[in-house]
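Given chain A, work out where chain B should sit, using these hints.
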Amino acid sequence: MRDRRPAPADLTPIAVEVLLSLADAPRHGYGIKLDIEERTEGDLVLGSGTLYQAIQRLERDGLIAAAADAASDADPRRGRVYRLEPDGRAALVAHLRKLERSITFARRRKLLPGSRPHS
Amino acid sequence: MSRLDRRVFSWLLHAYPRHFRERYRADLEAFFETDRRHPRYGTGPLRGVRFWRATLIDLAGSAFSQRFGEARTHAPISSGSRSQLPVGVAADVRQAWRRLVHSPASTLVAILTLALGIGVTTAVYALAYGVWLKPLPYRDPEQLVTIVARESASGRNAGLSGPEFDAIGDGGGAFDGVAGFMYGTNLARIDGERVRIVAHRCSPALFDVLGVAPAIGRGFSRAGASLEIVLGDRLWNRQFARDPSVIGRTYDVDGEPYTIVGVMPPAFRFPQTLEADAWLRAPRWRPDLDARFVNVIARLRPGVTLADARHRLDVLTGALPTNAGGLKRWSLQATLLAEEARTPYARPFGTLVGITLLLLALACTNAAAILLTRASARRGEIALRMALGATRARLARELLAEGALFTLIATAAGVFIAIEAVPVIRSWLPAATPRLDEVRLDTRVLAMTAAVSAATALICGLVPLFAHRALSAASAIAGAGPRLAGDPSRRPLRIIAVTEVAMTVLLIVAATLMLRSFVALVQRDHGFDPDRLLALNVWLPFNDNRYEDAALRTQTFKTILDRVGAVPGVVQAGATTGFPGSAMGVLGVATFQAPGGPKVAAAIHACSDAYFAVMGARLDSGRGFEPRDANARTVIVSRALAARLWPGTRVAGHTLVVPANSALGPVSETYEVIGVASDMQLAGDPTPRLYVPLTRKSTFWIDLVVRTSGDPRAASPLVRAAVRDTNPDLLIDNVRGMDRIVAESIALQRAQTLLAALVAGLAALLSAAGLYGLLSYATVRRMRELGVRMALGATPHGVFASVLRDALGLTGGGAAVGLTAALFAIRLLGHEVFGLGAPHWSAFVLAPALMLAVAVGAVWAPARRAATVDPLTVIREI
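Heads up: the protein sequence lines correspond to chains A and B, in order.
Going by this note's numbering, the first sequence opens with residue 102, and the numbers climb by one from there.
Going by this note's numbering, the second sequence opens with residue 27, and the numbers climb by one from there.
Since the hints were derived computationally from the structure, they do not count as laboratory data.
All clues given are correct.
For the chain A half of the interface with chain B, some residues (derived, Cβ under 7 Å), not all of them: (1) G148; (2) G150; (3) Y153; (4) Q154; (5) R181.
Distance ranges between label pairs, derived from CB positions: (6) B:A480 - A:E201: 47 to 53 Å; (7) A:T141 - B:L383: 47 to 53 Å; (8) B:A480 - A:I204: 45 to 51 Å; (9) B:A403 - A:L213: 35 to 41 Å; (10) B:G824 - A:G143: 57 to 63 Å; (11) A:G143 - B:P449: 44 to 50 Å; (12) B:R63 - A:F206: 39 to 45 Å; (13) B:E446 - A:L213: 55 to 61 Å; (14) B:A403 - A:G143: 27 to 33 Å; (15) A:F206 - B:G819: 58 to 64 Å.
Far from chain B, some chain A residues (derived; all Cβ distances over 10 Å): (16) R202; (17) I204; (18) L212.
The model shown is predicted, which means the values in this text are computed figures rather than measured ones.
We treat Cβ as the ideally placed atom computed from N, Cα and C, and that holds for glycine.
This is chain A alone, in the form it adopts within the complex (with noise of 0.2 Å):
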């Protein structure tokens, strides 16, 4: 199963928001949930099933691991830490671009207001 790497574009919206939130810093379960939570502004709230069917898949993919060697700084009423893996990080990029090409398209187009206000 891992010979075949999922292309980028099957990142589900979970996923991706999975992604991004364990690429500043690994994270437990829980602690993806809240930063999540906080960066949509309460948009997506996960619960717990939900959450860690998406990190079965990126697990599963290779794109994310479990952190074995943060057990010592791992607080076990939390679960366990994961972190992003190479390919994780790739996959999250390659998707992130797709995403870029389309905004740059909406922009232009005048379906999103301004241009690129930090750049």
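For chain B alone, coordinates are given in the frame of chain A:
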């Protein structure tokens, strides 16, 4: 509370497939623990509800996709839509929830309807299971048989005599074990205090045959002649405060020292139909052939069928010991104990379960109808989504999710209804019903509820689905706009309406018939007047040898009658052996024959002179007993006996031969019939009875009946005191008002009728609500069509009539189906289920009339509106 929450959640994780659960259990539990503190769930008492709602929706959605989406997602992910499935299912559930909350009124009605159906079904099933279907609490209860002796001539059943019991042996190899027992009420003495206990004498093998071991101590020794007693839990609790050191102590029963060897567990009950405080070891039975007191229970050897056992008993019957001259021939009859215990309850509970299932079906139909109308109202939305590419499977999933969520909530509410309903229904049943106190909502009952609601969920989800099955994107969009006629979504609604009416009519007819036969039962002439009548048993002291003297017994009873008769508030007192409904039964049964007539078996009673007057029984002809009968051989016969022996002739003056070895004496004697008394009987066909003066056959106990001027219960303490004044050692038992005895005798039928009426009432209510909703909805949907018709020249009157005709046609069709079904049911189940007599026409008119009235009520307002609609307004909308 939080620990309970955690345990519930851990248990709920079983919804996930094993590999997922094992990998993430700790993580999921940690998540759960942390999430409960999330501020999102707010504060206040509803915080827990919000938290659990979110948790359950997430769990249901992700578990569903793990189980049913996983097979595919195990394979490499190849298409985006598939990997989105899990989110999709959770979203389905969430969306279903939103839709339920969106239209709270119809949701509430539908959920309440279903909850009532599920609740009543669960409660009735809990009772039916506990009393009727639950296996008896013995090892392999289906292997146990009871054996009675049947008199070939009269066909009556009796216990076995000692020699007959010995003759059974192992039943020619049919039985693994055989035990006898004899009903008994005994006087026990504990630390000088005298108490009455119900203790049955039993073969040493009894507990082994039943396969139940004592909770503490041991069962009876198999050999020897030792006097041993095994206590029941209740007696142990009452008299010994559950002291385990009672084992080995001596217990004085009827003046004999019994050693306590064991205590049975609380749930042990034997025999099933009778309370027992203790069991006494009886190593052997009296060798007297006429003492038929031994009841027999045996365990079939593995592989031996009941038919085999019966056959081998028949062979044994040929070798049974007979008394002098072999005049009486008895045969041995084996019956399965389980069957014997179930038979009295099969009919009432079978009927009730059937009726409640019908109610449940009705509730299901109702809920499905509500979901259907909601789905119909969403046709536009569905059409749009299909046009935008939503697959049919996706829509089906949504509808199923809605049905499932719906049913889940209704089931929870239904279980609460059942929890409340079980004690109420239980209180309607006769208090003497075996195992009534054990009735509860146990796992088996709840498993049935779960199965029922799973089926309900499927129906509730599938019905709207079928309604939409013809929906293609194109036709749906076309249908989303105004339609003129032949609306395809109306057909399922029509079918539902007809089904609903049919089921309700069937239920109402059944309940009406039951009610009628119950009323007949209540109005039955019992042959005596139960009002202001007190009844009680009085026993002479068991261990007082003076009472071996018959003259003293007669004198004692006379004194009691005199003293009770003198109590203020007492009109008159009488005595008998076995009044109708007495716990004591009869003195004996004997066969009588008029010259050239048939043999008639009759029950023998002894009674005081005033007995018939006190009971308010009528003497059809002749006279009652008088003091001069004390030493004469005179009898009074019941009307039923007179009619069988001397049909159509004057009875007084006839003579009657009482056969030898009857309850009246060892030799055959001739008696003069002096009168005929009315049949005193609580239920069933009147038993032929024969009465002799109490002085003729004095017993060790009497049934006292006391006519009072006021409330008999108020007189009870004075009556008791008057009896005790005669001799403080006398035992008084079963003090009850006769009206209560009469009520108890029909309590089972009363409970059955009450429940049936309740169910029919609920059904009428549910289907009235359902029909109202369906018909008014259907009429509103026809508004445009009607407007066009009026524009084309139809008169308001014609439109009104057309709407009414449509509704009455549907209802009439349903009523016809329901009546046909009712006729079939009556033909099939006959008066077994529906009670006495021929079905009355009123039942067949009432139900359809009720449904037609509901139908008219439902369409009246919409029809009026349709008739007054402005055609131009409607046309403009097209």
